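Once you have looked at the hints, place chain B on chain A.
Chains A and B, in that order, give the protein sequences. Quick note: the first sequence uses our numbering, first residue 1, plus one each step. Quick note: the second sequence uses our numbering, first residue 283, plus one each step.
Calculated from the structure, these hints are not laboratory results. Because the structure is a prediction, the values reported are computed rather than measured. Virtual Cβ for every residue (Gly too), placed ideally from N, Cα, C. Some clues are possibly wrong.
Just a few of them, taken from the derived set where beta-carbon distance is under 10 Å, the chain B residues facing chain A [what the hints assert, rightly or not]: (1) Tyr353; (2) Trp373; (3) Tyr405; (4) Asn415; (5) Gly504.
Each pair of labels, with its calculated beta carbon distance range [as the list claims (entries may be wrong)]: (6) Val478/B - Ile8/A: 39 to 47 Å; (7) Gln485/B - Leu268/A: 53 to 61 Å; (8) Leu268/A - Phe286/B: 42 to 50 Å; (9) Ile18/A - Gln485/B: 38 to 46 Å; (10) Thr248/A - Asp337/B: 31 to 39 Å; (11) Thr135/A - Asp337/B: 18 to 26 Å; (12) Pro263/A - Asp601/B: 50 to 58 Å; (13) His237/A - Val478/B: 41 to 49 Å; (14) Pro491/B - Ile18/A: 24 to 32 Å; (15) Gln505/B - Gly242/A: 52 to 60 Å; (16) Phe286/B - Glu271/A: 26 to 34 Å.
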Amino acid sequence: MEYKSSDISSAYLRSRKIPSTACAGCGLGMNHKIVIQAIKELKLAVEDIIWGTSIGCAGRQTFGTWKGDGVAGTHGRIYAIARGLRVVLPPNKELILTVGDGDAFGIGLNHLIHAARSNADMTVIVNDNLGYQSTGGQYGWTTPQGSKTDSSPYGMFEHNLMSEGMDVLHILKGAGATFLARHVSMDGAWAVDTVKKAILNKGFSLVHMTFPCPTNFASKELGSRDPVKIFNWIKNHAAPMGQEKDDTIWVTGIYHDASNSRPEFSRLIHETVEKIRRTGTL
Amino acid sequence: MKRFLETGNFAITEGAILVGCRFFAGYPITPATELAEAMSLRLPQEGGIYLQAEDECAAMHLCIGASLGGYKAMTATSGPGFILYADPYGWALGCECPVVVLNSGRVGPVSGITGAPGQGEFYLMRYPTHGGNFETICLAPNSAQECMAMTVEAFYLSERFRMPVSVLADQLITDGFEDISVPENDAEMKEMGFRVWPRKIHQGPDFYPVTDELDIPPVVLGQNTGALCSDWTPTEEGYDIEEVEAHHKHAYRLIYKVRNNRHIFNHLYEKVHMDDDPDLVVVSYGTPSRVVNTAVKKARSNGLKVGALRLINLWPFPDEHFSLNTKYLVVELNWDGELVREVQRAAPKDSDVHFLGTCGDLPTVPRLTETFEKILKGQPLQRIGWEVEAW
Numbered sequence: 001m002e003y004k005s006s007d008i009s010s011a012y013l014r015s016r017k018i019p020s021t022a023c024a025g026c027g028l029g030m031n032h033k034i035v036i037q038a039i040k041e042l043k044l045a046v047e048d049i050i051w052g053t054s055i056g057c058a059g060r061q062t063f064g065t066w067k068g069d070g071v072a073g074t075h076g077r078i079y080a081i082a083r084g085l086r087v088v089l090p091p092n093k094e095l096i097l098t099v100g101d102g103d104a105f106g107i108g109l110n111h112l113i114h115a116a117r118s119n120a121d122m123t124v125i126v127n128d129n130l131g132y133q134s135t136g137g138q139y140g141w142t143t144p145q146g147s148k149t150d151s152s153p154y155g156m157f158e159h160n161l162m163s164e165g166m167d168v169l170h171i172l173k174g175a176g177a178t179f180l181a182r183h184v185s186m187d188g189a190w191a192v193d194t195v196k197k198a199i200l201n202k203g204f205s206l207v208h209m210t211f212p213c214p215t216n217f218a219s220k221e222l223g224s225r226d227p228v229k230i231f232n233w234i235k236n237h238a239a240p241m242g243q244e245k246d247d248t249i250w251v252t253g254i255y256h257d258a259s260n261s262r263p264e265f266s267r268l269i270h271e272t273v274e275k276i277r278r279t280g281t282l
Numbered sequence: 283m284k285r286f287l288e289t290g291n292f293a294i295t296e297g298a299i300l301v302g303c304r305f306f307a308g309y310p311i312t313p314a315t316e317l318a319e320a321m322s323l324r325l326p327q328e329g330g331i332y333l334q335a336e337d338e339c340a341a342m343h344l345c346i347g348a349s350l351g352g353y354k355a356m357t358a359t360s361g362p363g364f365i366l367y368a369d370p371y372g373w374a375l376g377c378e379c380p381v382v383v384l385n386s387g388r389v390g391p392v393s394g395i396t397g398a399p400g401q402g403e404f405y406l407m408r409y410p411t412h413g414g415n416f417e418t419i420c421l422a423p424n425s426a427q428e429c430m431a432m433t434v435e436a437f438y439l440s441e442r443f444r445m446p447v448s449v450l451a452d453q454l455i456t457d458g459f460e461d462i463s464v465p466e467n468d469a470e471m472k473e474m475g476f477r478v479w480p481r482k483i484h485q486g487p488d489f490y491p492v493t494d495e496l497d498i499p500p501v502v503l504g505q506n507t508g509a510l511c512s513d514w515t516p517t518e519e520g521y522d523i524e525e526v527e528a529h530h531k532h533a534y535r536l537i538y539k540v541r542n543n544r545h546i547f548n549h550l551y552e553k554v555h556m557d558d559d560p561d562l563v564v565v566s567y568g569t570p571s572r573v574v575n576t577a578v579k580k581a582r583s584n585g586l587k588v589g590a591l592r593l594i595n596l597w598p599f600p601d602e603h604f605s606l607n608t609k610y611l612v613v614e615l616n617w618d619g620e621l622v623r624e625v626q627r628a629a630p631k632d633s634d635v636h637f638l639g640t641c642g643d644l645p646t647v648p649r650l651t652e653t654f655e656k657i658l659k660g661q662p663l664q665r666i667g668w669e670v671e672a673w
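Excised from the complex, chain A in its bound form:
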């Protein structure tokens, strides 16, 4: 199914905020479009969704773009706000969060783990530009090892959450997330399908989606702000699950799908409260 960007945009997005103020060549818009297209294909309406964001490039550029209700948290806290909101919202409202890698996997990781643990119904799209780019380009927790950034001028040499067999998605699986996937922004319709599945899971879903940052990441690591170079670099280092090569950094596809397999957080809370209210016991 294909849609013209302008049709999607006028149906779901506020004209005041589109186009965004992102840097020239930024790939965030590709991720954003993937999410909006998934919403459109699921035939969800503006009022069906409450949009949450964080800070940094991903949060700042997507906040207030959704025509409906929107909330932005400070660094790493939107998962806790969303969990409080989830438990008092009607169950048919979808919560979609577009956040960045530093927010989700750094400062917010504890809150994110507890959102996964409680299986709170929300879809978290982690838009990964490989570090802290809105602050000028410092390394983050998914920055490929060896990458030169403003805070790793000799190359990023620390262990991180996507190196040496470690994977932040393993942590989230262990914490109880019921849907986990990884994509790069060039995955297009395939990523749209994944995001649709993530939204349909009545529980905690997270899609980790890497996108190109020409301004900061690429200018330091690749020595060029040419968007084509960083687009190709990410594309060449991504491969679908089962087709990995030696130099693959992003193995793409659905990592874990236990959709609707255990009680959702707010449903569990409300059913329990109702039982206690009626009978005085569990």
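Below, chain B alone, put in the same frame as chain A:
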């Protein structure tokens, strides 16, 4: 009216439930743990939700989420947890999100002494977050019964002012057992002076008007109003913008909606023997005020012209009580002197301001009356061991 021999934590719980609080999130911390426990027992019985958070920062963010969903929400902690509220407190101030926050003071700094009362957060309650450009409202009860009343009042003010409102108690009040009356109906609540403001829903589009107006319903998400709330400078419609003029307008509202409407809560104080322009005014808040009141009454019976001023509305600071050019003694549960600085600022320039600080334990009546006498005779206050009496 039902009577109980119970703790301040019990009183706070019942007060919150009476005014429609149906969401509490907290993190275990002495001496506020029993409040979380009481909420976990009582809220489900009323159809309400208790959540135990992963940390205090999350606890207040969970309350923000619930408040954004239309619930009256509350959290409670002690000093080491309150400091983790700095992040969400700022968010709730900036986004005008009603939440009630209780801080039960213990001895600090850092973990300090868990099971002893302290008043080390006088200024922290005024500046609970970074950045400035806001006013805060803080109420300080001195008994279990008043804990209930001030919790009720905090919910009322947080809805009308559309902001977080804090209650500053201490370990003795929240953990101590006292005689508590709980009203059972609206008439009894009215009789006890309880004010209730229902949660209303803002319909937009001007979510953040540039006025000092009260009674504007808060933003509630999920009502299809197109509400936007963020941690950045908002425009009136809620769009994020980083621009000095817009931020000045926003700050004007955050400061002056409180400053220009203090009459709604500035009756919250207690004066004992203050009608005859006393030669010495003893200023305090919270638990120490109970000893102060006893000492002042005793001193009066001994012929000393002493009066007691107890602040309940701590912030914004009620300067109007300090117009008398006389001697002041400020009694606090800390050794560094916090309230005393504010009294020095508010009192006439040539008035004589003294400080008596204890921490972890209350001052005794004889020690207080002896200090009153010394001050009135113009004798210098001396250091007793490591304790600082002269300020």
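Exercise for review: Starting from the hint 52 to 60 Å, judge whether the C-beta atoms of glutamine 505/B and glycine 242/A obey it.
Suggested key: Given about 46 Å between the Cβ atoms, the range is violated.
Point to revise | Residue hint tryptophan 373/B, partner chain A, criterion CB-CB below 10 Å | key: 6 Å, holds
**Study point:** Distance restraint evaluation - threonine 135/A, aspartate 337/B, Cβ atoms, bounds 18 to 26 Å
**Key:** 24 Å, holds
Check your understanding: Are tyrosine 405/B and chain A close enough, Cβ to Cβ, to be under 10 Å, as the hint says?
Key -> 22 Å, violated
Point to revise | Outcome for the supplied range 50 to 58 Å, where the beta carbon pair is proline 263/A and aspartate 601/B | key: 54 Å, holds
Check your understanding: With a cut-off of 10 Å, does the beta carbon of asparagine 415/B approach a beta carbon of chain A closely enough for the hint to hold?
Key -> Violated: closest Cβ of chain A sits about 16 Å from asparagine 415/B, beyond 10 Å.
Check your understanding: Between threonine 248/A and aspartate 337/B, does the C-beta distance stay in 31 to 39 Å?
Key -> 36 Å Cβ-Cβ, so the 31 to 39 Å window holds.
Check your understanding: Is it true that the C-beta distance of glutamine 485/B to leucine 268/A lies inside 53 to 61 Å, as the hint says?
Key -> 32 Å, violated
Review point. Quick one: are isoleucine 18/A and glutamine 485/B within 38 to 46 Å, going by C-beta?
Key: 25 Å, violated
Point to revise | glycine 504/B as chain A interface residue, shortest Cβ-Cβ below 10 Å | key: 5 Å, holds
Check your understanding: Is the hinted range of 24 to 32 Å satisfied by the C-beta distance from proline 491/B to isoleucine 18/A?
Key -> The hint (24 to 32 Å, Cβ to Cβ) holds, given that proline 491/B and isoleucine 18/A are roughly 26 Å apart.
**Study point:** Supplied distance hint 39 to 47 Å, evaluated on CB atoms of valine 478/B and isoleucine 8/A
**Key:** Once the Cβ atoms are compared, 46 Å apart, the range 39 to 47 Å for isoleucine 8/A and valine 478/B holds.
The structure does not agree with the numbered hints 3, 4, 7, 8, 9, 13 and 15 stated previously, though it agrees with the rest.
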